[in-house]
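Novice: The lines below spell out each chain.
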Amino acid sequence: MDNQANREKLLRFLNTIKRPDSRMDRIHDDDGLIKSGLIDSLAMLEIIAFLESEFGIDFSETGVDPVELESIHKILDLIDRQAI
Amino acid sequence: MISRDHYRTITQFHENERLWEFSITPAGNISLWIAVALLLSATDYRFLVPVMFLAQLFPAKRLWIMGIGGGGLFLLKKLNQLQVFQTFWFAIDVAIIIGLIYLFYRISLSFSKLPKIVKSNPQIALHLILWMAIIAILFLPDDFRQNPSWVFTANLNVCLIFFAFLVWRLGFMLYSGKRGSIKKTNFLDHLTYCLPYLGSSQVPFAKGLEYLTSKMADGRLDLAKAQLAGLKLLLLALLWKLSLYLLDWLFFSSDPNLPPLFRLYHISQLIAISATAMPHLAVVWSSLILDMVYETTQLAIYGHMIVGCLRLFGFHVFRNTYKPLLAKSLIDFWNRYYFYFKELLVDFFFFPVYLSFFRNHPKLRIFAATMASACFGNFYYHFLQHFDRLMISGEPLSFAKFSSYLFYTVVLGLAIFFSILKEQRQRGKEHVAPPSTWRTLRQIAGVWIFFTILRIWDHGDSSFMTDTTFFFAIFGIRF
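Line by line, the protein sequences give chains A and B.
Position one of the first sequence corresponds to residue -17 (our numbering), numbered consecutively onward.
Position one of the second sequence corresponds to residue -18 (our numbering), numbered consecutively onward.
Don't read these hints as lab results, they were simulated from the structure.
In this text the structure is predicted, and so the values were computed from the model without any measurement.
Just so it is clear, CB atoms sit at the ideal spot from N, CA and C, and this is done for glycine as well.
Mixed in with the good hints there might be a few duds.
Claimed, not checked - A short, non-exhaustive set of chain A residues, derived as facing chain B with CB atoms under 10 Å:
hint: 1; residue: K17
hint: 2; residue: A25
hint: 3; residue: M26
hint: 4; residue: E34
hint: 5; residue: S35
hint: 6; residue: D40
hint: 7; residue: F41
hint: 8; residue: T44
hint: 9; residue: D47
hint: 10; residue: E52
hint: 11; residue: L58
What the hints assert, rightly or not - When the alpha-carbon atoms are kept at most 20 Å apart in a straight line, the in silico SDA-like pairs for lysine to any residue are as follows:
hint: 12; chain 1: B; residue 1: K94; chain 2: A; residue 2: L51
hint: 13; chain 1: B; residue 1: K344; chain 2: A; residue 2: S35
hint: 14; chain 1: B; residue 1: K309; chain 2: A; residue 2: D22
Take the sequences, apply the hints, and build the full model.
Specialist: This is the structure:
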């Protein structure tokens, strides 16, 4: 799957877990997802479950590095590197 | 009358672009350091000011300067606290502690060559080594006594305490080894967080090197932003200190010459007094709530000083305590109250369990991970931390104290689990209108009352039966 398709898939997912009072259209790819208030730190769990199920990423080998899940850009990088 | 915009301009001065630019001019920079020196002058952190200034002069060597300068100050302070200041043994202790960090640095560098069982469970292996060392000391004469007569045992105890102190930091180092990022680092970089003059608790503020370097200021203007944000935290710490004086003056003063205007009690005093004569319930509830505010303010001051100094070194790190009064759910409060302790539990207990078990059972997966962190990890952390207190103040390990804390962690774990589920149900919903002020206030009050009551099982003189009896008494039930 190409980067653009992954990005759209990720954005659709983020839209389902974002904080009710935040707006997707105000987020840039390099913005911190938590810092910008789009999601809370708990939503990280759902991002992990999403990456495991949709892209087959196995975090049990490497553990979770929250820095790698900080922004849309970094998550897409992770998908590029680790997706099966 | 100050308008909302003016108020924001004053309180958010660190986000003012003109101020960023001014603070990189010679006059601005001198003003900044004068303000920092004044704010830190009455604290233990004053010794860090020249180290911070040096780090500003040589930003590329910032980590080394923090590691050597901060590390040196840390060792002096900590070993002085443990009263082992004979020069010979001091040198031996320092060599062993640095040697221990170096050993784990080498192990982390060669992570891929470790046996498979260790590679799969590096944190468990690390804690097994620590426990083997603890058990070995029990076989030595004088073991964990505070002032053993055999100087060798005394210093061995000191090194063991440091090992217990360092264990979470060494854990972060092993994570860097596992991810391979440690290969881009030098040994001296790791002293920055392993020997932290900035905050001498077992909780690594700003976590390990990976996190710290990801927050490092890049360039002079970016450094100015971080420094101004640090200055703001130091000012906030000063403001909270003044509010503590006010609380003392109004309610908690223990000075017999200056009694408070209205006598309230800190939680340990309150529970001790209540065992013989229960004060009026209004006094009890006011004491519980205001003591919770008092303790949260103390924690905020402690965290603001450490994070403020880290920002002055040029790291854009999160606050440890961030507006806990605004928390609308239990999990939100836990995030805002003691961020770096929560992060420790999440990194070492929550995620390992979450990633390894019950993948096909989402609720069970979250339950197991939450109980592993908020309950087991929380209890284990405090149990290990107790070795420090045992040696510094002679406070014995007691079943009564830990049984009370065990109850605290079980209730906390369950409460956070249900809070996570509730938050998950609400996430993604589009709100037509924001919740009413009344509803928000009710949510905040509920969170504070929950943690105020739960603290009954977490205070300096905890004992499960006494604490539980007191809990019923505050609802008028006595037996």
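Novice: Hints first: check each against the structure and report whether it holds.
Specialist: Against the structure, the hints come out as follows:
The interface hint given for A/K17 is met, as the beta carbon of that residue sits about 8 Å from the closest beta carbon of chain B, less than 10 Å. The restraint placing A/A25 at the interface with chain B holds, with a minimum CB-CB distance near 6 Å, inside the 10 Å limit. For A/M26, the suggested interface contact is upheld, since its CB lies about 9 Å from the closest CB of chain B, less than 10 Å. A least Cβ separation of about 7 Å between A/E34 and chain B falls short of the 10 Å threshold, and the interface hint therefore holds.
Below 10 Å, beta-carbon pairs count as interface contacts, and A/S35 has one with chain B at about 9 Å; its hint therefore holds. Because the beta carbon of A/D40 sits about 8 Å from the nearest beta carbon in chain B, less than 10 Å, this interface hint is met. Because the smallest distance between the Cβ of A/F41 and any Cβ of chain B comes to about 5 Å, under 10 Å, the interface hint for this residue holds. A cut of 10 Å between beta carbons decides the hint on A/T44: the least distance to chain B is about 6 Å, and the hint holds.
Residue-level restraint check for A/D47 holds (minimum Cβ-Cβ distance to chain B is 6 Å; threshold 10 Å). Among the interface hints, the one on A/E52 holds; its C-beta lies about 8 Å from the nearest C-beta in chain B, closer than the 10 Å criterion. The beta carbon of A/L58 is not positioned within 10 Å of any beta carbon in chain B (closest approach about 17 Å), and the interface hint is therefore violated. A distance of roughly 28 Å separates the Cα atoms of B/K94 and A/L51; the hinted pair therefore is violated under the 20 Å criterion.
Between B/K344 and A/S35, the direct Cα distance comes to roughly 16 Å. Compliance with the 20 Å bound is thereby established for this hinted pair. Between B/K309 and A/D22 the CA atoms are separated by roughly 13 Å; this keeps the pair inside 20 Å, and the hint holds.
In this structure, the earlier hints numbered 11 and 12 are contradicted, and the remaining ones agree with it.
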